[in-house]
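Student: Here are the chains, one letter per residue:
2 protein chains.
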Amino acid sequence: MSILVVGSVALDSVKTPFGEVHEVLGGSAVYFSLSASYFSKVYLVGVVGKDFPPSYINLLKDKGIDTEGLKIEKGRTFRWSGEYEYDLNNRHTHFTHLNVFKTFLPRLPEKYKRCKFVFLGNIDPILQNKVLSQIKNPKLVACDSMDYWIKTKRDSLLSVLRKVDIFIINDSEARQLTGEVNLVKAAKQIYSFGPRIIIVKRGEYGALMYFNGKFFWAPAYLLDSVYDPTGSGDAFAGGFLGYLSTCNKFNESSLRKAMIYASVIASFNVQDFSVNKLKELSLKKIKDRYQEFIKLTKF
Amino acid sequence: MSILVVGSVALDSVKTPFGEVHEVLGGSAVYFSLSASYFSKVYLVGVVGKDFPPSYINLLKDKGIDTEGLKIEKGRTFRWSGEYEYDLNNRHTHFTHLNVFKTFLPRLPEKYKRCKFVFLGNIDPILQNKVLSQIKNPKLVACDSMDYWIKTKRDSLLSVLRKVDIFIINDSEARQLTGEVNLVKAAKQIYSFGPRIIIVKRGEYGALMYFNGKFFWAPAYLLDSVYDPTGSGDAFAGGFLGYLSTCNKFNESSLRKAMIYASVIASFNVQDFSVNKLKELSLKKIKDRYQEFIKLTKF
Numbered sequence: 001m002s003i004l005v006v007g008s009v010a011l012d013s014v015k016t017p018f019g020e021v022h023e024v025l026g027g028s029a030v031y032f033s034l035s036a037s038y039f040s041k042v043y044l045v046g047v048v049g050k051d052f053p054p055s056y057i058n059l060l061k062d063k064g065i066d067t068e069g070l071k072i073e074k075g076r077t078f079r080w081s082g083e084y085e086y087d088l089n090n091r092h093t094h095f096t097h098l099n100v101f102k103t104f105l106p107r108l109p110e111k112y113k114r115c116k117f118v119f120l121g122n123i124d125p126i127l128q129n130k131v132l133s134q135i136k137n138p139k140l141v142a143c144d145s146m147d148y149w150i151k152t153k154r155d156s157l158l159s160v161l162r163k164v165d166i167f168i169i170n171d172s173e174a175r176q177l178t179g180e181v182n183l184v185k186a187a188k189q190i191y192s193f194g195p196r197i198i199i200v201k202r203g204e205y206g207a208l209m210y211f212n213g214k215f216f217w218a219p220a221y222l223l224d225s226v227y228d229p230t231g232s233g234d235a236f237a238g239g240f241l242g243y244l245s246t247c248n249k250f251n252e253s254s255l256r257k258a259m260i261y262a263s264v265i266a267s268f269n270v271q272d273f274s275v276n277k278l279k280e281l282s283l284k285k286i287k288d289r290y291q292e293f294i295k296l297t298k299f
Numbered sequence: 001m002s003i004l005v006v007g008s009v010a011l012d013s014v015k016t017p018f019g020e021v022h023e024v025l026g027g028s029a030v031y032f033s034l035s036a037s038y039f040s041k042v043y044l045v046g047v048v049g050k051d052f053p054p055s056y057i058n059l060l061k062d063k064g065i066d067t068e069g070l071k072i073e074k075g076r077t078f079r080w081s082g083e084y085e086y087d088l089n090n091r092h093t094h095f096t097h098l099n100v101f102k103t104f105l106p107r108l109p110e111k112y113k114r115c116k117f118v119f120l121g122n123i124d125p126i127l128q129n130k131v132l133s134q135i136k137n138p139k140l141v142a143c144d145s146m147d148y149w150i151k152t153k154r155d156s157l158l159s160v161l162r163k164v165d166i167f168i169i170n171d172s173e174a175r176q177l178t179g180e181v182n183l184v185k186a187a188k189q190i191y192s193f194g195p196r197i198i199i200v201k202r203g204e205y206g207a208l209m210y211f212n213g214k215f216f217w218a219p220a221y222l223l224d225s226v227y228d229p230t231g232s233g234d235a236f237a238g239g240f241l242g243y244l245s246t247c248n249k250f251n252e253s254s255l256r257k258a259m260i261y262a263s264v265i266a267s268f269n270v271q272d273f274s275v276n277k278l279k280e281l282s283l284k285k286i287k288d289r290y291q292e293f294i295k296l297t298k299f
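Order-wise, the sequence lines are chains A and B. Mind the numbering: the first sequence is residues 1 to 299 in the working numbering, read in order. Mind the numbering: the second sequence is residues 1 to 299 in the working numbering, read in order.
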């Protein structure tokens, strides 16, 4: 099945207690695409500047990702720079330079409009809406967001939420959006906003899914070294939608398995900087770690 | 099977955003005893002052808990007062008055010395050692500790750890004891100190067990209202050892089930102040919630 993703394609500079990288491949659409590419054909929508290294585009193409929807505009590529503390849950952003992303108006190539699975990455909800309106009859639409949009474009975000099936968000954002500290109550309130599947990511503590009046708890994989958590939320979403796109039905069983595949991919992502780990995965490695999740949780 | 517990028996004053209680029944030995009492006969070792309400002792006796080892000394009972923020993970201690606990020297009644299961609650490791040395041939010994003892009596604590089977500790204490931020590495280091089973509690994020070179991840139950987390770690330990004391073997399967029973009991405990919830449980209620844990995690 085909998956469309819209989101940022970026040059990231990241420092963690375990190393540092400068202007490497990043961005929500990139982390998502690479993760989902192990399951399905991915169609990427985004924009970069003339300074974007062609080798990075080739890396995506080599993974079978369709980049016709990745516009190359005059100007500089979106850049993000951040630093993590020894406790990797604490992140500090040095700068976010939107650059060509500032004037980005996504227009989908014809073949993109027939994609059945859609991931609206963490961008301005007005753009998320614009992308969604161009897609004909999608089967399943998921979206992400962040504190900035919740604060500055709440109404647009709520308008997106009325149209999507799945909302993937982290715990602090779920609390911010609803004004509810308790995640059970927060998830139920978000359900009332529109999405029928709510996924709350909790970093090293795993993720929760609320579906059909029931909660599912996915653990995070236990690792003895975590190098860089950047992009893990998008890698999670890529694993989730990627696996789901191979399923005939979206029921309790397939959604729960998708949550575990999502956690599997996210766990690989944190083991190296940028997409270094994601780019060298295989379906076998993914399935092997899925088995590890069974061992981790079975009782 | 018989379980011996030594720990504090206290009068707690607790304030949370959801209410406030003054000088109510608390203490590690109390939370543990009541929790374990649903599975086995419990023998309690502790001390209270003359001011301790007899009704509280009767409450323990009514649950079949043997209180012959609970000394009533001249003076005032151990008191603790604390307050929780809206985010219940943040606790502030107003005061800890040791009172009669300051000069407590546990001497076990004869019948206590034959107990097969032992829980050394969070008290001075020198006292933990004194209790342990009086027990004849225990089958399984677990112990708890806290930041204060790790800091002030590290050597005594390490001497206890060399003699116990199970160490139950929370995540920040595991990090403090080992100097390791990463919990996988921390658990493995604690293993090298002596205990063959390491349990790391993570509050609302569940608990981890390290046994036989493998990790097990127990979730926490998802509740839409949490009133007071006081005593949950001891309730967890009570559920864990309580269930284990009904098993013939201590293997991967029974230990994992014990982790879930521990989480079940801890989840009940946070639903009300003091021991209000723990005192009214039944094995049926416990088993019903165990089934809920299966639904929460199955994939």
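Do not rely on the hints blindly, as some may be mistaken.
Repeated chains share a single entry, so a pair holds when one copy, or any two copies, can fit it.
[Said to hold, decoys possible] Calculated cross-link-like contacts (lysine-lysine; reagent style DSSO-like; alpha-carbon spacing at most 27 angstroms):
1) K139 / K151
2) K136 / K285
3) K130 / K279
4) K298 / K214
5) K111 / K136
6) K285 / K298
7) K153 / K102
8) K284 / K214
9) K116 / K163
10) K111 / K284
11) K257 / K298
12) K188 / K63
13) K113 / K61
14) K185 / K295
15) K277 / K185
16) K277 / K214
17) K214 / K285
18) K41 / K295
19) K153 / K50
20) K151 / K111
21) K285 / K50
22) K279 / K298
23) K71 / K285
24) K185 / K15
25) K188 / K285
26) K277 / K130
27) K277 / K153
28) K185 / K285
29) K136 / K15
30) K61 / K249
No wet-lab data here; the hints were simulated from the structure. A quick note: this is a predicted structure, and the numbers were derived from the prediction, not measured.
Student: Look at each hint and say if it fits the structure.
Tutor: Verification of the supplied hints:
1. K139 / K151: neither (29 angstroms within a copy, 57 angstroms between copies)
2. K136 / K285: neither (34 angstroms within a copy, 50 angstroms between copies)
3. K130 / K279: Classified as neither; 30 angstroms inside a copy, 57 angstroms across copies.
4. K298 / K214: both (19 angstroms within a copy, 12 angstroms between copies)
5. K111 / K136: For K111 and K136, the Cα distance is within 27 angstroms only inside one copy (10 angstroms; across copies 77 angstroms).
6. K285 / K298: Both: 20 angstroms inside a copy, 22 angstroms across copies.
7. K153 / K102: within (16 angstroms within a copy, 58 angstroms between copies)
8. K284 / K214: between (31 angstroms within a copy, 22 angstroms between copies)
9. K116 / K163: within (15 angstroms within a copy, 60 angstroms between copies)
10. K111 / K284: neither (30 angstroms within a copy, 57 angstroms between copies)
11. K257 / K298: This pair counts as both: shortest intra-copy Cα distance 14 angstroms, inter-copy 9 angstroms.
12. K188 / K63: Answer is neither: 38 angstroms inside a copy and 38 angstroms across each miss the 27 angstroms cutoff.
13. K113 / K61: within (20 angstroms within a copy, 71 angstroms between copies)
14. K185 / K295: between (30 angstroms within a copy, 19 angstroms between copies)
15. K277 / K185: between (36 angstroms within a copy, 22 angstroms between copies)
16. K277 / K214: Close across copies (24 angstroms), not inside one copy (33 angstroms); limit 27 angstroms.
17. K214 / K285: Classified as between: cross-chain Cα gap 19 angstroms, same-chain 30 angstroms, threshold 27 angstroms.
18. K41 / K295: Intra 30 angstroms, inter 33 angstroms, cutoff 27 angstroms: neither.
19. K153 / K50: Intra 30 angstroms, inter 62 angstroms, cutoff 27 angstroms: neither.
20. K151 / K111: Close neither inside one copy (34 angstroms) nor across copies (64 angstroms); limit 27 angstroms.
21. K285 / K50: Neither, since 35 angstroms and 64 angstroms both go past 27 angstroms.
22. K279 / K298: Answer is neither: 30 angstroms inside a copy and 30 angstroms across each miss the 27 angstroms cutoff.
23. K71 / K285: neither (32 angstroms within a copy, 59 angstroms between copies)
24. K185 / K15: between (36 angstroms within a copy, 22 angstroms between copies)
25. K188 / K285: Classified as between: cross-chain Cα gap 25 angstroms, same-chain 35 angstroms, threshold 27 angstroms.
26. K277 / K130: Result: close neither inside a copy nor across copies, 32 angstroms intra and 52 angstroms inter.
27. K277 / K153: Classified as neither: same-chain Cα gap 34 angstroms, cross-chain 43 angstroms, threshold 27 angstroms.
28. K185 / K285: between (36 angstroms within a copy, 23 angstroms between copies)
29. K136 / K15: neither (41 angstroms within a copy, 55 angstroms between copies)
30. K61 / K249: Neither: 29 angstroms inside a copy, 55 angstroms across copies.
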